[in-house]
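**Student:** One-letter residues, chain by chain:
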Amino acid sequence: MRRYRPYDLLEPDPKVASTLEKELAKRGNPTNLLEVLRIAQNTIGYINKDVIFYVAKRMRLPVSKVYGVVTFYREFNLRQLGEHICAVCMGTACYINGAPEILRAIEKFFNVKPGGTSPDKKLSLIIVRCIGCCANAPNIMIDGRIIGNVTPEKAIQRIEEVVRRSGDENKKY
Amino acid sequence: MRIRSIEELRKLIEREKRRLSSYKYRIYVVSASCTHPEVTQGLLETLEASLEDIYIKDEVLVSPTGCLGVCSRGPIIRVEPGDYVYVHMTPEKARRVVYEHIIKGRPLKEYLDDNVTLFLRKQTRLVLRNVGKMNPERIEDYFAKNGYLALAKALTEMTPRQVIEEIKRSELVGRSGSAFPTGLKWEIVADMKDYPKYVIANLSEGDPGVFSNRALAEGDPHAIIEGMIIAGYAVGANKGFLYVRSDYKLALKRLRIAIEQARRYGLLGERILNSDFSFDIELISGVHEFIAGEETALISLIEGKRASPRRRPPYPATQGLWGKPTLVNNVETLANIPLIILKGAKWFAQFGIKGSKGTKVFSLVGHVKIPGLVEVPLGTKLYDIIYEIGGGIPNGHKLKYVQVGGPSGEIIPGDKLDLPIDHKLMGSGGIVVFDDRTCIVDIVKFLIEFFMEESCGYCIPCRVGLVRIYEILDRITRGQGSLKDLELLEKLCTVLRKACLCGLGRSAPIPVISTLRFFKDEYLMHIEKGICPAGKCPINKSVNER
Numbered sequence: 001m002r003r004y005r006p007y008d009l010l011e012p013d014p015k016v017a018s019t020l021e022k023e024l025a026k027r028g029n030p031t032n033l034l035e036v037l038r039i040a041q042n043t044i045g046y047i048n049k050d051v052i053f054y055v056a057k058r059m060r061l062p063v064s065k066v067y068g069v070v071t072f073y074r075e076f077n078l079r080q081l082g083e084h085i086c087a088v089c090m091g092t093a094c095y096i097n098g099a100p101e102i103l104r105a106i107e108k109f110f111n112v113k114p115g116g117t118s119p120d121k122k123l124s125l126i127i128v129r130c131i132g133c134c135a136n137a138p139n140i141m142i143d144g145r146i147i148g149n150v151t152p153e154k155a156i157q158r159i160e161e162v163v164r165r166s167g168d169e170n171k172k173y
Numbered sequence: 001m002r003i004r005s006i007e008e009l010r011k012l013i014e015r016e017k018r019r020l021s022s023y024k025y026r027i028y029v030v031s032a033s034c035t036h037p038e039v040t041q042g043l044l045e046t047l048e049a050s051l052e053d054i055y056i057k058d059e060v061l062v063s064p065t066g067c068l069g070v071c072s073r074g075p076i077i078r079v080e081p082g083d084y085v086y087v088h089m090t091p092e093k094a095r096r097v098v099y100e101h102i103i104k105g106r107p108l109k110e111y112l113d114d115n116v117t118l119f120l121r122k123q124t125r126l127v128l129r130n131v132g133k134m135n136p137e138r139i140e141d142y143f144a145k146n147g148y149l150a151l152a153k154a155l156t157e158m159t160p161r162q163v164i165e166e167i168k169r170s171e172l173v174g175r176s177g178s179a180f181p182t183g184l185k186w187e188i189v190a191d192m193k194d195y196p197k198y199v200i201a202n203l204s205e206g207d208p209g210v211f212s213n214r215a216l217a218e219g220d221p222h223a224i225i226e227g228m229i230i231a232g233y234a235v236g237a238n239k240g241f242l243y244v245r246s247d248y249k250l251a252l253k254r255l256r257i258a259i260e261q262a263r264r265y266g267l268l269g270e271r272i273l274n275s276d277f278s279f280d281i282e283l284i285s286g287v288h289e290f291i292a293g294e295e296t297a298l299i300s301l302i303e304g305k306r307a308s309p310r311r312r313p314p315y316p317a318t319q320g321l322w323g324k325p326t327l328v329n330n331v332e333t334l335a336n337i338p339l340i341i342l343k344g345a346k347w348f349a350q351f352g353i354k355g356s357k358g359t360k361v362f363s364l365v366g367h368v369k370i371p372g373l374v375e376v377p378l379g380t381k382l383y384d385i386i387y388e389i390g391g392g393i394p395n396g397h398k399l400k401y402v403q404v405g406g407p408s409g410e411i412i413p414g415d416k417l418d419l420p421i422d423h424k425l426m427g428s429g430g431i432v433v434f435d436d437r438t439c440i441v442d443i444v445k446f447l448i449e450f451f452m453e454e455s456c457g458y459c460i461p462c463r464v465g466l467v468r469i470y471e472i473l474d475r476i477t478r479g480q481g482s483l484k485d486l487e488l489l490e491k492l493c494t495v496l497r498k499a500c501l502c503g504l505g506r507s508a509p510i511p512v513i514s515t516l517r518f519f520k521d522e523y524l525m526h527i528e529k530g531i532c533p534a535g536k537c538p539i540n541k542s543v544n545e546r
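So the protein sequences, as listed, match chains A and B.
The first sequence begins at 1 in the numbering used here and counts up one residue at a time.
The second sequence begins at 1 in the numbering used here and counts up one residue at a time.
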C-alpha cells in the first residue's frame, strides 16, 4: 500500500509555483536550496508540504533532504505566523536583567505561548538568543525593530501600539 | 572611477584627507542598530537645519557613523576635532551643541559624561580604529583613513608568501574563540595545489552577550572587505563568501553598500589595481543559528545543507567548501590584517603580552555601570576592564562572578579578577558580569538550556548529554537533587569534553566544570539545605510550602 501520494500529483499554490518556476530556472543547483526555500517562504509566509515536495522534485533532491533542511533552520516556518512577530531576547545579558519577567508578562497579556500565535492571529511570540544589543538589555524586537531597556509594562505598551495600528481599534486584546 | 594603480589611490587618499580637514568641525551622529533610525534621522536633520540657519553649513560636516560601543548612553553625537562625546541627545540638546560648541567654541560640559569619556579614552582601538570616526556608507571616508592602501601595498610590493610571513610574524591568532594562528592557517591553504580555493568570512556571531562583530560591520565594513581581499591574494583564492546573520539588518545593508562601492572603484572584481589578481565577494545571509559559527557547519550551510559540523580532519583548509581548500576566518581577525600589512608585524606585536599579541574587542555586559565594547591589548587584567573602564558594579551591589568568552567561557569568581586575559581565555570576547543577586545554579542551567536548544543533534554525546545535564541541574534548582547527581554531572561533563564532534559540545560543559570547582558550596546549599541563597530558584517556594 502506498503511504503517500506520488508527488507529481501535489501542486503548490499557483502563486508559489510561478515564483519558484522563475527562480529554479535561474538556480537549479542544489547549492541554492536555502535561497529557493526562502523565496517560497517570502511568497506565502510559510513552507507547507506541497512546497517541500515540489522543490524536491524540481531540484532532484530526496524529499527527506529538503524536509531535513526546512526543519533544521528556525528561519523556516511550517505553519502560518501571525501578522506581527515579537521576539524576546534571551541572551545572557537580557536574562539577568529581567527578560524572563518580560516574557511572562507578554505571554499572559496577549494569551500567547513562545513559538505560538495569539488566538486572533495577530501576534506571534518567539524567543531569540541575543540580537546583539546587549548594552541596552533587556531587548525585544517587534517586526524587526529593536527596542532596548524594556520593562514588562513598556513591552506590552509597544506591542499593543503596533498591533492596534494594523486595524481593529476597538477590540480588546 | 576605477583605481588603476597605487599612485592613483594615494592621490585619492590625499584628496579625501584634505576634504575632511577642510571642515572646521565634524559632527558624527551614531547611527547603529542600537539607536532607532528615526531618532538618528531626526538628529541629523536638526543639526543640518540649525547649521543652515546660521550659514555655516559648508564649514561643518554632519555625518552618520557606526556604534561607538556605549549604546546604553545613546543617542550619541561625537564632535571632532577634540573627540567630544555628547550622550543622551535630543534634538533640543543637539541644537544647543551647535550654538555653544560650534559657534562659540565652548564644549558643553553638562552633556558630556566623564565616565563615558574615560571609558573610551582608556581603550586601545585597533580593530575599531575607524568606528565612530567615519561614515560607513561612504568608501571615500574610508580612503581618508588610508583605506585600501594595505591592499595596494600587498598587491604591488609583496608576494603572497611575504604577506603570509608578515601575518605569521605578527603572531595574530583567530579571534572567534579557537585561537588558531592565522598565519599558519593561511599557509596551509596557500600550500594546497587544489583549485579553486575559497575564503569565507564568518560574521555569524551567535554567542549571547557578544556584539563586537556587529559594531565592526556597522561601523567599518570596508576593513572587513579589505582584509578578505588580502586573504584571498595571500592564499590564492578568487572567490570569497561573507556570511552574515540576517537579523543584523543594518550590518548587512552597510556591507552590501561597501561591496558595491569597492566594485565601482575596481577594488573588487577582475584585475584589482591592474594586477593579475581578481577577487569577488558574495554576501550570504541566514537567520541566526548558533551552530553556523562553527566553520564546518558554516560550510555545510553555504553548500545548501543542514548546518551540521563535519568530522575533522580533513580540515576546511585542505578540504572545505565543495571539497576545495577553504580559508575560514572571523571578521575581527580579518579587520586586523590591513593594519598589520600597512604598519608591519613588529608594530602590531608591541600590543599584548608574550604569546598573545594584538588587541581584542570585548563585549562588556551584564551588571556593570557602562556596558559596551571595550578594545584592549591582550593580557589586560579582568579587574581593569570591569572597574577601570566599565566603572564597576551599579546600585551598590557586589560582583559575584564573571563569565569570560561567551556562553561556553570560564566562570571566574570575584576574587580572581587579577587574571590577565590571554588568547586562551578570551574566547569570542564576551565578558558578562554577574552581581550577588544571581544564583550560580540558575545561570548554569540557563546556559546549558541554550546549548541544548542550539545543539544540531548530529552526535549523541551532545544531543543526549546536554539534555541529561539540564535535567540534573533542573532537579537541583527544584530542591530534588542529591549528592550522587553532582558525581554524575562531573562524569557527564568529562564525556562531553572528550566525545563530542565539534566545539559546541566540547566547550558546553566548561561553565558547569568551572562552577563545580569554585562554587561547589552553592550547589551543596541547594542539595543539602534546600536553600537558594540568591532566591532565584523554584526551590524556595517548595521550602515555604513545607
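Worth flagging that the hints you see were computed from the coordinates, not collected in a lab.
Ideal Cβ placement from N, Cα and C applies to all residues, glycine included.
Check before you lean on any hint, since a few could be wrong.
Sample of chain A residues lacking proximity to chain B, with all beta carbon distances greater than 12 Å (derived) [to be verified]:
1) Asp-13
2) Ala-17
3) Lys-57
4) Arg-58
5) Asn-111
6) Asn-149
Derived Cβ-Cβ restraints for the label pairs, each shown as a range [as the list claims (entries may be wrong)]:
7) B:Ala-499 to A:Arg-104: 25 to 31 Å
8) B:Thr-124 to A:Arg-74: 24 to 30 Å
9) B:Glu-59 to A:Ser-18: 54 to 60 Å
10) B:Lys-491 to A:Glu-21: 33 to 39 Å
11) A:Asn-77 to B:Arg-475: 30 to 36 Å
12) B:Ala-499 to A:Pro-114: 53 to 59 Å
13) B:Arg-169 to A:Gly-116: 43 to 49 Å
14) A:Ile-44 to B:Gly-457: 25 to 31 Å
15) B:Leu-112 to A:Lys-22: 37 to 43 Å
**Student:** Take the hints in turn and mark each one as holding or not.
**Tutor:** Consistency of the hints with the structure:
no.	hint	result
1	Asp-13	holds, 23 Å
2	Ala-17	holds, 21 Å
3	Lys-57	holds, 16 Å
4	Arg-58	holds, 14 Å
5	Asn-111	holds, 24 Å
6	Asn-149	violated, 8 Å
7	B:Ala-499 to A:Arg-104: 25 to 31 Å	violated, 37 Å
8	B:Thr-124 to A:Arg-74: 24 to 30 Å	violated, 38 Å
9	B:Glu-59 to A:Ser-18: 54 to 60 Å	holds, 56 Å
10	B:Lys-491 to A:Glu-21: 33 to 39 Å	violated, 55 Å
11	A:Asn-77 to B:Arg-475: 30 to 36 Å	holds, 34 Å
12	B:Ala-499 to A:Pro-114: 53 to 59 Å	violated, 31 Å
13	B:Arg-169 to A:Gly-116: 43 to 49 Å	violated, 56 Å
14	A:Ile-44 to B:Gly-457: 25 to 31 Å	holds, 28 Å
15	B:Leu-112 to A:Lys-22: 37 to 43 Å	violated, 56 Å
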